[in-house]
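Number of protein chains: 2
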Amino acid sequence: MMNENSPTSAAGLVRPNIAALAGYVPGEQPSDTRVIKLNTNENPYPPSPRVLEAIRHVSAEQLRRYPSPNAKTFREAAAQVHGLTPDMILATNGGDELLSIAIRACAGETNAVAFLDPSYSLYPVLTALQGAKPLVLPYRITGNTWTLPATIAQTKAAILLIVNPNAPSGTLADVAQLGQIARDFPGLLLIDEAYVDFAPTSALSLVQSCPNVLILRSLSKGYGLAGLRFGYGIAQPALLSQLEKVRDSYPVDVVATAAATAAILDQDYARDTWQRVIAERERLGTELREMGFGLTSSSSNFLLAQVSPRMAVPETDTPAAAAKAIYERLKAADILVRYFNLPNLTDKLRITIGTPEQNDRLLAELRNIIA
Amino acid sequence: MMNENSPTSAAGLVRPNIAALAGYVPGEQPSDTRVIKLNTNENPYPPSPRVLEAIRHVSAEQLRRYPSPNAKTFREAAAQVHGLTPDMILATNGGDELLSIAIRACAGETNAVAFLDPSYSLYPVLTALQGAKPLVLPYRITGNTWTLPATIAQTKAAILLIVNPNAPSGTLADVAQLGQIARDFPGLLLIDEAYVDFAPTSALSLVQSCPNVLILRSLSKGYGLAGLRFGYGIAQPALLSQLEKVRDSYPVDVVATAAATAAILDQDYARDTWQRVIAERERLGTELREMGFGLTSSSSNFLLAQVSPRMAVPETDTPAAAAKAIYERLKAADILVRYFNLPNLTDKLRITIGTPEQNDRLLAELRNIIA
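The listed protein sequences correspond, in order, to chains P and X.
Last residue of the first sequence: 371 (the working numbering), numbering continuous.
Last residue of the second sequence: 371 (the working numbering), numbering continuous.
Everything labelled a hint here was simulated from the structure, so no lab data went into it.
Wrong hints could be hidden among the right ones.
Copies of one chain are not kept apart here, so a pair can be met inside one copy or by any two copies together.
As the list claims (entries may be wrong) - Straight line, CA to CA, 20 Å or less: simulated SDA-like cross-link-like pairs of lysine to any residue:
| # | residue 1 | residue 2 |
| --- | --- | --- |
| 1 | K72 | E28 |
| 2 | K72 | E328 |
| 3 | K72 | G27 |
| 4 | K133 | N111 |
| 5 | K156 | M88 |
| 6 | K324 | R310 |
| 7 | K324 | V35 |
| 8 | K72 | G23 |
| 9 | K133 | G108 |
| 10 | K133 | T110 |
| 11 | K324 | Q80 |
| 12 | K133 | T201 |
| 13 | K133 | E109 |
| 14 | K324 | Q29 |
| 15 | K331 | P314 |
| 16 | K72 | P26 |
| 17 | K331 | G27 |
| 18 | K133 | N17 |
| 19 | K133 | D266 |
| 20 | K72 | T33 |
| 21 | K331 | T355 |
| 22 | K324 | T346 |
| 23 | K72 | T40 |
| 24 | K324 | P356 |
| 25 | K331 | E109 |
| 26 | K133 | D317 |
| 27 | K133 | P49 |
| 28 | K156 | P16 |
All values reported here derive from a predicted model rather than from experimental measurement.
Start from the sequences and build out the full structure, keeping to the hints where you can.
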């Protein structure tokens with residue numbers, strides 16, 4: 001059989017679920033460094049100076065050899081920081097790789113993957129890639145209060161994914177509720193704590209008592225290292241031994257491991273950036289409320305701001321049109337925020353917390369836009 | 001339903017094909033730098049000095065932001081080196097990630113993944129992870145000549161993986177034969193050229209005429225960057241658009257991209273290391289033949305050396321026992337080579353080509369071991 005040199009034949013080479021897929025669309029990453037990027041939840045502060053130092057100390061000989069398959073130094077450092085043993089840490093090429101590993105490990109084509117909506121938009125993409133069945137659980141949204149569905153633990157799925165604090169709402173489910181879900185849900189419960197460094201509580205303690213809990217952590221946000229692609233999982237060793245089979249033989253490179261190790265060991269530096277972001281989140285939230293935005297209670301490094309019907313945005317006649325117009329007018333002024341044309345989100349903007357100066361610029365532009 | 005805190009419950013959380021899997025076992029990576037590592041096919045020479053320079057120029061601001069989702073600078077550099085367009089290049093976190101992406105894109109649980117045996121031992125692992133059906137095609141082995149099966153193009157599989165030059169034999173199938181297979185085989189043909197930099201020919205030209213060919217390249221061997229985890233695929237844009245859906249949103253980090261770009265642009269440096277390795281391969285081959293080893297014709301940066309029955313290795317009575325004993329006695333002398341306890345390989349050692357000094361040390365030890 002001959003293949004024809006056309007795009008249709010390429011689609012014929014892959015599985016139908018892949019050919020049908022649009023693929024994940026990441027947030028805009030402009031190369032123009034003058035742009036104020038409040039759209040992809042990076043930390044506004046750079047990583048610890050010790051990170052650059054660690055990167056500059058990597059030798060040619062380290063680059064030449066295969067790295068430690070287990071990112072040994074990082075696992076030891078993370079274990080020390082969390083008061084755990086290294087065999088409870090699994091390092092991955094970004095938190096996204098841990099999501100992919102967990103879904104591939106748990107869900108075959110006859111299994112369901114459960115996740116909330118609205119939540120991290122990569123979950124349905126990874127589920128479709130695997131050819132597994134998506135089980136979408138709607139958030140209960142009352143005004144600006146978002147809560148998990150009451151029957152969430154009864155979900156029939158191989159794996160349940162909960163971002164906590166949630167994206168894009170920033171809302172936090174409490175640890176007792178997550179513990180109850182972990183005990184009642186028979187599959188793997190992945191608690192995606194990509195934003196937890198900006199929250200008052202973490203579900204980390206659940207791994208000790210719940211063998212089905214996998215905590216995801218990322219260095220992208222809390223440690224100012226989105227460019228590095230470094231995440232990790234925390235779970236009981238028996239669970240990690242299963243997941244380790246699915247990851248690449250050498251998932252993280254020697255430079256990234258050195259950088260991530262330096263970052264996590266400099267807790268004082270990281271905590272200082274978290275405090276600053278939290279302080280700015282409170283200030284920005286107050287200012288946005290005064291402008292008329294409705295806000296969820298965010299425990300993250302972003303705010304979800306809802307345009308209320310009483311806000312006047314010229315040349316728009318609905319809150320959804322106003323939200324989109326604000327996004328576009330901010331973009332024209334070199335400020336990027338995130339607008340999602342998705343159910344429950346069309347009248348909202350997700351705004352990453354910037355530095356005080358960046359937030360002031362944002363507020364000034366918003367005052368120009370909103371009459 | 002309650003889970004129990006025991007390893008058996010962890011196995012119950014994952015798919016049966018994962019629970020049943022032993023996982024891939026990478027070659028030994030000792031931390032002791034005195035050990036002469038001729039076991040995992042690294043380049044004996046460090047990367048170009050421009051690589052370290054590029055790494056040291058990465059800024060805190062680059063680390064703070066998400067990287068280019070497409071590793072733009074690397075794609076442009078690789079396209080320039082190969083005389084292709086950037087849309088024919090897909091950068092991945094090591095060549096292994098490209099293998100995983102291609103298999104996940106093409107093979108569901110009802111599809112077959114075809115590969116040769118003996119070949120790269122990660123292929124059956126990735127197939128089992130996906131829950132797809134392995135279709136093992138035995139190499140035709142006559143003495144030290146390894147050839148592809150005559151009916152290989154008639155294989156009924158969604159994807160066919162051929163390492164060329166092959167590992168662990170180092171043998172090379174010619175481009176005309178691969179072209180014929182590409183035209184006759186209806187699925188995706190992945191030609192894994194991880195070792196091609198040490199070979200006289202490449203199948204790269206096939207991507208122009210064959211829409212179902214995906215070429216894998218790696219910077220681990222040819223560019224002395226095993227520690228970096230950087231590989232890439234080359235194919236027609238229509239095929240890469242499908243595969244891109246399966247990869248992570250940001251598969252390669254900003255430091256690795258800068259390093260890989262510098263490495264591939266310094267072709268003069270890399271070519272010089274290839275010439276040195278090839279020269280040593282010929283010298284080492286001649287010496288090993290004189291000792292009585294049988295050798296395949298290697299186009300790679302390693303040799304597959306077969307212990308012949310007429311070689312005398314004290315305290316061993318079969319070639320297989322002798323091969324294993326040589327591996328162990330070399331290890332005791334701080335020289336690592338690779339021994340596979342697998343069909344067709346039990347009487348052989350795979351020896352990575354080292355520097356002239358390392359190869360001299362190896363030869364001296366072998367002369368001690370072999371009576």
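Do the hints match the structure? See the list:
no., hint, verdict
1, K72 / E28, "between (34 Å within a copy, 14 Å between copies)"
2, K72 / E328, "neither (46 Å within a copy, 26 Å between copies)"
3, K72 / G27, "between (32 Å within a copy, 16 Å between copies)"
4, K133 / N111, "both (6 Å within a copy, 18 Å between copies)"
5, K156 / M88, "neither (27 Å within a copy, 42 Å between copies)"
6, K324 / R310, "within (16 Å within a copy, 80 Å between copies)"
7, K324 / V35, "within (19 Å within a copy, 61 Å between copies)"
8, K72 / G23, "between (33 Å within a copy, 18 Å between copies)"
9, K133 / G108, "both (9 Å within a copy, 14 Å between copies)"
10, K133 / T110, "both (7 Å within a copy, 16 Å between copies)"
11, K324 / Q80, "neither (45 Å within a copy, 40 Å between copies)"
12, K133 / T201, "neither (32 Å within a copy, 45 Å between copies)"
13, K133 / E109, "both (7 Å within a copy, 14 Å between copies)"
14, K324 / Q29, "within (19 Å within a copy, 53 Å between copies)"
15, K331 / P314, "within (16 Å within a copy, 76 Å between copies)"
16, K72 / P26, "between (31 Å within a copy, 15 Å between copies)"
17, K331 / G27, "within (13 Å within a copy, 50 Å between copies)"
18, K133 / N17, "both (11 Å within a copy, 18 Å between copies)"
19, K133 / D266, "neither (41 Å within a copy, 47 Å between copies)"
20, K72 / T33, "between (35 Å within a copy, 16 Å between copies)"
21, K331 / T355, "within (18 Å within a copy, 55 Å between copies)"
22, K324 / T346, "within (8 Å within a copy, 66 Å between copies)"
23, K72 / T40, "between (30 Å within a copy, 19 Å between copies)"
24, K324 / P356, "neither (24 Å within a copy, 65 Å between copies)"
25, K331 / E109, "neither (41 Å within a copy, 45 Å between copies)"
26, K133 / D317, "neither (39 Å within a copy, 56 Å between copies)"
27, K133 / P49, "neither (44 Å within a copy, 49 Å between copies)"
28, K156 / P16, "between (25 Å within a copy, 18 Å between copies)"
Of the numbered hints stated above, those contradicted by the structure are hints 2, 5, 11, 12, 19, 24, 25, 26, 27, listed in ascending order.
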